[in-house]
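Chemist: If you want the building blocks of each chain, they are given just below.
There are 2 protein chains.
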Amino acid sequence: MPLKNLKDNFADWFDEIIRKADISDNRYPVKGFNILMPTGYEIWERIRTLLDQKFKVTGHKNAYFPLLIPEEFLEMESEHFSGFVPEVAWVTHRGDTPLKRKLALRPTSETCMYYMYSIWIRSHADLPLKMSNWANIIRMDTKNTKPLLRDREFLWNEAHTCHATAEEAEQQVLESMDIYGTLLDELCLSYLTLQRPPQDTFPGAIYSIAFDSPLPDGRILQSGTTHNLGQSFAKVFGIRYLDVDGNTKHVFQTCYGLSTRLIAAIIAIHGDNQGLIIPPRLAPTQIAIIPIHFKKEKKIVNQKAREVTTTLSEHFRVFLDDREQFTPGWKFNEHEMRGVPLRLEIGPRDVVQNQAVLVRRDTREKTTVALPKLPNKIREILDEISSTLLKRAQKLLHESIRDVEDLSHLETLRGFARVNWCGSDTCSETIKEYSSGGEIRGAKHGVSEKPFGQCIVCGKKNVHVVYVAQAY
Amino acid sequence: MPLKNLKDNFADWFDEIIRKADISDNRYPVKGFNILMPTGYEIWERIRTLLDQKFKVTGHKNAYFPLLIPEEFLEMESEHFSGFVPEVAWVTHRGDTPLKRKLALRPTSETCMYYMYSIWIRSHADLPLKMSNWANIIRMDTKNTKPLLRDREFLWNEAHTCHATAEEAEQQVLESMDIYGTLLDELCLSYLTLQRPPQDTFPGAIYSIAFDSPLPDGRILQSGTTHNLGQSFAKVFGIRYLDVDGNTKHVFQTCYGLSTRLIAAIIAIHGDNQGLIIPPRLAPTQIAIIPIHFKKEKKIVNQKAREVTTTLSEHFRVFLDDREQFTPGWKFNEHEMRGVPLRLEIGPRDVVQNQAVLVRRDTREKTTVALPKLPNKIREILDEISSTLLKRAQKLLHESIRDVEDLSHLETLRGFARVNWCGSDTCSETIKEYSSGGEIRGAKHGVSEKPFGQCIVCGKKNVHVVYVAQAY
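Chains A and B are the protein sequences, given in the same order. The numbering of the first sequence is my numbering, which starts it at 1 and goes up by one. The numbering of the second sequence is my numbering, which starts it at 1 and goes up by one.
Derived by calculation from the structure, the hints in this document are not laboratory data. Watch out, some of these pointers could steer you wrong.
Because identical chains share one entry, a pair is satisfied inside a single copy or across any pair of copies.
Stated by the list, open to error - Listed below are the simulated DSS-like cross-link pairs for lysine-lysine, each with C-alpha atoms no more than 30 Å apart in a straight line:
(1) Lys100 with Lys235
(2) Lys56 with Lys20
(3) Lys249 with Lys146
(4) Lys395 with Lys366
(5) Lys373 with Lys56
(6) Lys100 with Lys31
(7) Lys4 with Lys31
Just so we're clear, the structure is a prediction, and the values are computed from it rather than from any experiment.
Only chain A is shown next, with the shape it has when bound in the complex (with noise of 0.2 Å):
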């Protein structure tokens, strides 16, 4: 049964993959409450210790902070917190008795967070102050849910620091943006760094900066967010520290953020019509071997071929797919499907010329490859592979962006379109409408792009290049 085709009906075959092979499963009855099943599970695994080690080298520290907050935390960020409000879900009983006072399961962490920074840090000794959460979090979106694209309730990881001046502050936001990027580049994803436009920045936040990245579908995933605090929160929760001179001062803040979500750009991204193209450095398993043989050969190679996975197993995650009520062929698909990176077949003949043979996911290429040479040549396999799925997702961002100077022409927007915006509300609020629901992701962070004409709705002079898209 082959897998819908990815172009045509991406909704469909990502529904489909997802469920096919082993990430997330939707049949649990309560809407946006969804299962991370077992390979889905694993590449949020190893998109952890990934970002556990960066952070490590760079001060964090992880620590576990609570599920729920008091209404009175809410009530003090009441500016943060009014984009939550509809989507917070309440605790109100504990079995049948009332408690006194509600409490919210985080929808984020900044109160709880701060107001434990704010009996924690007392001088300048105390900063910086980096500490990152791994938590599961809950927003009862009131829009379609959707498995990884959009969960009532999702695992993420937020890093909230504290700093002892705006210049820290600064460096910060570009450290995080450092890790984060280093980090999509090991998962093989191409992104935007786009400075949200006022509108659309984090409340409380003097900036907000997201990784952008485009869907086969046309549509934008924001696979990560940092944002720059000032000392808005550090204010409202009396974050303070003992300078060098003894004199009382706020902190300088900023926090960043990304969720089980990336998963979903992982599959979208890399995925074709046979299934997943996992990233070599997530995947659970990176070689599939599968035996092949008719009647009177099984024995010898099956042999050699538990032999290869014994050898292999010292430095890859390997699979021996020995099942003998599956054909060669069955497991061919299963493990494209999968998104198995590498597959290596051995028969009587390879058995015969200690050699094997080995089967790129990504381009179909097949090397035919001596057996003592194989852990070299797989090695660079998977590093190749890594760069080509890079590069596709490259030229796939690439080929999204357009120029677009005419409103009409927003009417069909896929991937970003790339206008000449005044900055004001009212010519926002008409590329929403121009665009059926796309808006203003914001410029790119760190480069000042040329404008190439005058505002696309206004025909103002003075305008800066923002991209316009639809986000999922």
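On the provided structure of chain A, position chain B as indicated by the hints.
Modeler: Frame of chain A, contents of chain B only:
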């Protein structure tokens, strides 16, 4: 400021050390919801890695299951859930909108997981199914909360398995006990494996076995439990499979779990009046390297300390404490308090003689070692520390057990009282009264202990040997 005396003030000592050593902070203003601080969290991460390794080789798969459970699921399993009902936190609203049906925050995930199992399991080829869930758990305990020992939110792992036959489920219980037993050995913890009396068996289970560890204050901590569930949940949730002959049958199930409570056991059992002693496998820092010098020797000593740090970092988790604002004596106390298993001192004479001094946290024993021999010697000493900690814990366990034949002797119950019991509820209640809240924790699993008298309450002769203790 010395810590409170462990032996005389265990409760105070525990509260103080978990705060000072960065394990848990209870100043968050929701009762029983505490912060698992970086050192505590890192210990949990290492426990997680150790357990995941054992799960992997025994065919368990991790997945993530939803936090929220529909009320009707709990009603389906009312026998099982009646114990949890007063402790359940209920979500009743999304924003200002009441939900059509209220949703429970998981106090455990049987109902959630078994609903999905009934969808996933179709035939004998789907069995055995062994899944594990790393999750936060909410139980709004009405008793006094206490960080790590009795949190209202805690982190845990729960594994849930399905099997074709009762024998395989029985076998799985043994496998789970082997896994937990090996893990607890690695954590240097001692325990009795006690089969709970029928009065205290997990509702719905055929039998429950717990790992009970005595703490220095004479109370017992349950470090893990495993349950043979038989077919009771399978029948409620309709978890059926087609066997090889085409007959539809209910599966047999087991489940087992352990939580961040384990961290409390590690702290309480290994700690002393100087602070924590963290077993080498779990320690965030295994070796604290402390250069000791007067001003003129500073450069040469620090240089050598950095070299040693670089070499040892390849093999161990090392922290070079070359902070200038603290004296060596202060650093000794600090790293002792934090439980770093090994200290390495290096001074001017050591540089000349190309050596360093190692000081064990557990015995305070000092050894001078030539630098080239350091890695091997350290490996050896860390193993010795592990085995010393385990032996101490076993001694604590051994000394905590005494035979009691007279009810009045239960009044001063500390540790385990070994008693003869007829099995009746009445006598169980009497034991509870006499032991001021102590309870029958069960009989040794897998061993038939010979009675040494008559029922401690009613004097009946048909008795078995059980262990009575006060538990956390």
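Chemist: Evaluate each hint against the coordinates.
Modeler: Going through the hints against the structure:
no., hint, in the structure
1, Lys100 with Lys235, "within (28 Å within a copy, 39 Å between copies)"
2, Lys56 with Lys20, "between (35 Å within a copy, 22 Å between copies)"
3, Lys249 with Lys146, "neither (44 Å within a copy, 34 Å between copies)"
4, Lys395 with Lys366, "within (24 Å within a copy, 62 Å between copies)"
5, Lys373 with Lys56, "between (35 Å within a copy, 29 Å between copies)"
6, Lys100 with Lys31, "both (28 Å within a copy, 12 Å between copies)"
7, Lys4 with Lys31, "within (25 Å within a copy, 51 Å between copies)"
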